[in-house]
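S.K.: Take the given structure of chain P and dock chain U to it, following the hints.
For the protein sequence lines, the chains are P and U, in the order given.
If you read the first sequence in UniProt numbering, its first letter stands for residue 1, the second for the next number, and so on.
If you read the second sequence in UniProt numbering, its first letter stands for residue 1, the second for the next number, and so on.
Careful: at least some of the hints might be erroneous.
[As the list claims (entries may be wrong)] With the Cβ distance kept under 7 Å, some of the chain P side facing chain U (calculated, not the full set): (1) Val50; (2) His350; (3) Cys383; (4) Lys386.
Just so you know, these hints were derived from the structure itself, not from any lab.
Bear in mind the structure is a predicted one, so any value in this text is a computation, not a measurement.
Don't be surprised by glycine CBs; every beta carbon is placed ideally from N, CA and C.
Protein chains: 2
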Amino acid sequence: MKSVIFIIDGLGDRPNNEGNTPLKEANTPTMDRMAKESICGLMNAVDIGVRPGSDTAHLAILGYDPYENYTGRGPFEAAGVGIDVQPGDIAFRCNFATVDENFVVIDRRAGRIKNTAELEKVIDGIEVDGVKVIFKQSGGYRAALVLRGDKLSDKITEGDPHHEGVKVPEIKPLDDSEEARRTANIVNKIIKIAYERLNNHPINEERRKNGLPPANIILPRGVGKVPHILPFSEKYGLKGACIAGTGLIKGIAKMVKLDFIDVEGATGTPETNFMNKAKAIVEGLKTYDFILVNVKGADEASHDGNYELKKKVIEKVDGMLEYILNNIDKNEVYFVLTGDHSTPIEEKDHSADPIPIIIWGKSVRVDDVEKFDEFSTHKGGLCWIKGKYIMPTLLDLMGLLKKYGA
Amino acid sequence: MKSVIFIIDGLGDRPNNEGNTPLKEANTPTMDRMAKESICGLMNAVDIGVRPGSDTAHLAILGYDPYENYTGRGPFEAAGVGIDVQPGDIAFRCNFATVDENFVVIDRRAGRIKNTAELEKVIDGIEVDGVKVIFKQSGGYRAALVLRGDKLSDKITEGDPHHEGVKVPEIKPLDDSEEARRTANIVNKIIKIAYERLNNHPINEERRKNGLPPANIILPRGVGKVPHILPFSEKYGLKGACIAGTGLIKGIAKMVKLDFIDVEGATGTPETNFMNKAKAIVEGLKTYDFILVNVKGADEASHDGNYELKKKVIEKVDGMLEYILNNIDKNEVYFVLTGDHSTPIEEKDHSADPIPIIIWGKSVRVDDVEKFDEFSTHKGGLCWIKGKYIMPTLLDLMGLLKKYGA
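The shape of chain P in the complex, shown without the other chains (with noise of 0.2 Å):
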């Protein structure tokens, strides 16, 4: 037996003055199809009354309690960006930020500045006090900064004032230790290294004479030290892999040690070639026992308050489950699908509401829900369960769960 958790990103809402949310009106013959078929219920991944982050989330949905081990952005960020981040690392999300001469911060972003690989390569690979650099953008103004070595502490302030017009704060200790001082000595000595390598760097130079603000600092912040997590398949047995198209769900994949699925087309926004997803699960299952997939289009389209967009992200996931189930064996495959989260149009942000969730699959307790939405599933078997509740429950659907007693 195998199995697939299928997130739909931000998929849970709050009803409108008319009692509908995207997925109530959306059109989604299969979704309700699986439901039928399925033991049905309400989630949430990290607790009840706990509005989680799409990294939190999908850890706890992982088996992977996140008070444990989720410790900041950072590493999730780094291991996210294809950094091979290892366990004592002290790792930092980045901007590429435009400051005066006064270290002023003129422009949190950098104008935008699209392509950073160039600037990139004045600050990754540097040594600071004995102390690797490993740096990597991702794509544009973000980054991810890595410190590798010893005695290093993530208990430090962060180097993003969060505001145009103020001063980069000089990184500070958190706590009396000798590793705190000295970690914040390093980051500091960074920052300055990096304005001096990328201020009079010839693209800066260029981006100048265009009228456009140099990326001429970077300012960290989301420290965290990378923790010691158990691979997954070392966890479970299982040989699994990851279909997402965001570096943040991509960070939590390589830090679990799933395989990553490239596919052509998945861009993490509505715009994803959802069709070559569908592709990849089946492909997928062919070669591993578990895949994790994450769709975030709707969760974007939530963050915007498009209604109509989320509700077409939904039809077009819809359209995904539709090419799945018809290309794989229900007596092969146990299929979970659910979201990492709400995310109500009307906040524009994630909320602790909880999500429908559907396990389907060859011998599950079929119940009497029809519709796969925030209003009617759990009515069903699964009633209202917590997100480390989902892989035990495949595994002793798949017949590995380990018996407790006699």
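M.R.: Quick look at chain U alone, frame taken from chain P:
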């Protein structure tokens, strides 16, 4: 956005031979209308299979883990009678009682003496072994005793034999600490001093003359150390108030530093002035972000095994709700209607049975539940939840819940 948690004390029940409960049978058009317009469920304040007191239940509903914060009834009783308790204080509930010259208890309630304001004065404010003694009667034979000073412990036995015809027990340390020995010693001294000063007090001489038992001793019980509790406003960033008729709930409010809104005629009994309370809620919402309401009458009726009275109290509460709904704006207020615990008529005491809960307000996921009673609401979108999830769910609806992750 503002919010109200409205608690009908002892609301839930078990069905009688006809399958009815006071709540199911009561004529409650407003509660049922609210259920129709709400997301509904069942709730256990502390946990499934826990038979809570009103104090532990209210703490849990406010998001304070009672296993951490509830250190005995004494501290909450003392706060409830108006003593400005401080973390570290040792607090007791007390009865004024009648003993003979050998300290044998003749009447545990001193003939249910009504006015003890003068007697209070002979104990309140004294100092024993450098410890300040605060003593306050609560309108009859009941009182609260507080010790304030260094090196005190709540690891001591109690001074109430709970029976008549036996001697007042000597208070003993429950562990080997100096603090426990010292505290036991001090309380024994206070009981002795109380006897010396009360036995021949003019009020007691007068009572003897009238054939009434003298209130010539105090019996401390329910010892606890006043805990450090994060004030409600700091925990949630909300300006909160409490409306309640009973000392125990006032004590909870005081302990978490909710303001207390005094309501004329609010007695904590079935004869309470329901409409004054309703008006106070509407008025209070003009000043406060959050109001905790407790209406006690249904619980009193349950403890007396009075089915019809419980039904009648619930119908009066329905009238309160009608007034409130007519005078608040659904776009501005989230309203939680629930109880703190069940008090089945047949048991005349609290039970672990869950209580109906509904959340009424803008953008909640309204389900198809049409009746507010013990048999309907679990079919709604809240399924079966714990009290600790109420506050984060409200904060989420109010847009005030912090995101965990990215």
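S.K.: Does the closest beta carbon of chain U sit nearer than 7 Å to the beta carbon of Cys383/P?
M.R.: With a closest approach of 5 Å, the Cys383/P hint holds.
S.K.: How about Val50/P: closest beta carbon in chain U under 7 Å, or not?
M.R.: 6 Å, holds
S.K.: Taking the least C-beta to C-beta distance, is Lys386/P closer than 7 Å to chain U?
M.R.: 12 Å, violated
S.K.: With chain U as the partner, please determine if His350/P meets the hint condition of a C-beta pair closer than 7 Å.
M.R.: 6 Å, holds
Of the numbered hints stated above, the single one contradicted by the structure is hint 4.
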